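Below, each chain spelled out in residue letters.
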Amino acid sequence: GESVGLHLPTLSVQEGDNSIINCAYSNSASDYFIWYKQESGKGPQFIIDIRSNMDKRQGQRVTVLLNKTVKHLSLQIAATQPGDSAVYFCAENYGGATNKLIFGTGTLLAVQP
Amino acid sequence: DGGITQSPKYLFRKEGQNVTLSCEQNLNHDAMYWYRQDPGQGLRLIYYSQIVNDFQKGDIAEGYSVSREKKESFPLTVTSAQKNPTAFYLCASNRDRLYGYTFGSGTRLTVV
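Residue numbers (this note's numbering), protein chains in the order written: chain A, 1 to 113; chain B, 1 to 112.
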């Protein structure tokens, strides 16, 4: 649903490990999904997106998986680095006429050296 | 390079004052958005505009106002009616619903 300002869950990983950040989306009619990375004090940056006609999409060190059956989206980061430490947001477009994205609450990824 | 420019980066407001945050884009995007972010929290939608001369309230529009007189510009005014305006404000735009937002670098507003 709509982001309502909840406190962020945290995922702590060791440098070099793979990270998996999960997101439950709200609308079965959503047909576009996107992940953003936000470093402290900065605006969110695009990481990767996926449309509903796909199950998986890969980028550089990142993979997004979409499971429409259970309305679940995940972001996998390979060989996590200290520079990956940030807040990660998923977002969905509900479909229809609006361009608006609906954001999840976000997950703080903390990479331990 | 195309992008979104927010200014100022830091802004201080006295109690009872109105302040205006600037957002300009040269991406030729139709839709623009304003979000508020409180420390350690997610993004909350204030207002959005899908086209010039039209805008809609988001989830937390009370105490804020916007205008969209030009495609490139979507300024946000934080009025004295907003009782807790201290926050990080983000502006974004996108070309259509199957493309993600491009975000600005944000304005940090503090009430003094």
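It is possible that part of the hints are untrue.
The list that follows gives simulated cross-link-like pairs (lysine-lysine, PhoX-like), each with its CA atoms no further than 25 Å apart [said to hold, decoys possible]:
1. B:K70 to B:K57
2. B:K14 to B:K70
3. A:K42 to B:K9
4. B:K71 to A:K100
5. A:K71 to A:K100
6. B:K71 to B:K14
7. B:K9 to B:K71
8. B:K83 to B:K70
9. A:K100 to B:K70
10. B:K14 to A:K100
11. B:K57 to B:K83
12. B:K70 to B:K9
For each label pair, taking beta carbons as the anchor points, the in silico distance ranges come out as [what the hints assert, rightly or not]:
13. A:Q112 to B:T110: 30 to 36 Å
14. A:Q112 to B:K70: 46 to 52 Å
15. A:Q14 to B:S67: 47 to 53 Å
16. A:N27 to B:V112: 20 to 26 Å
17. A:Q112 to B:R108: 26 to 32 Å
18. B:N28 to A:Q112: 14 to 20 Å
Hints listed in this document are in silico derivations from the structure and should not be mistaken for laboratory results. These numbers come from a predicted model, not from an experiment. For every residue, glycine included, the Cβ atom is placed at its ideal position computed from N, Cα and C.
**Report entry** Hint check against the structure, violated hint numbers in rising order
**Finding:** Failing hints, ascending: 2, 6, 8, 10, 16 and 18.
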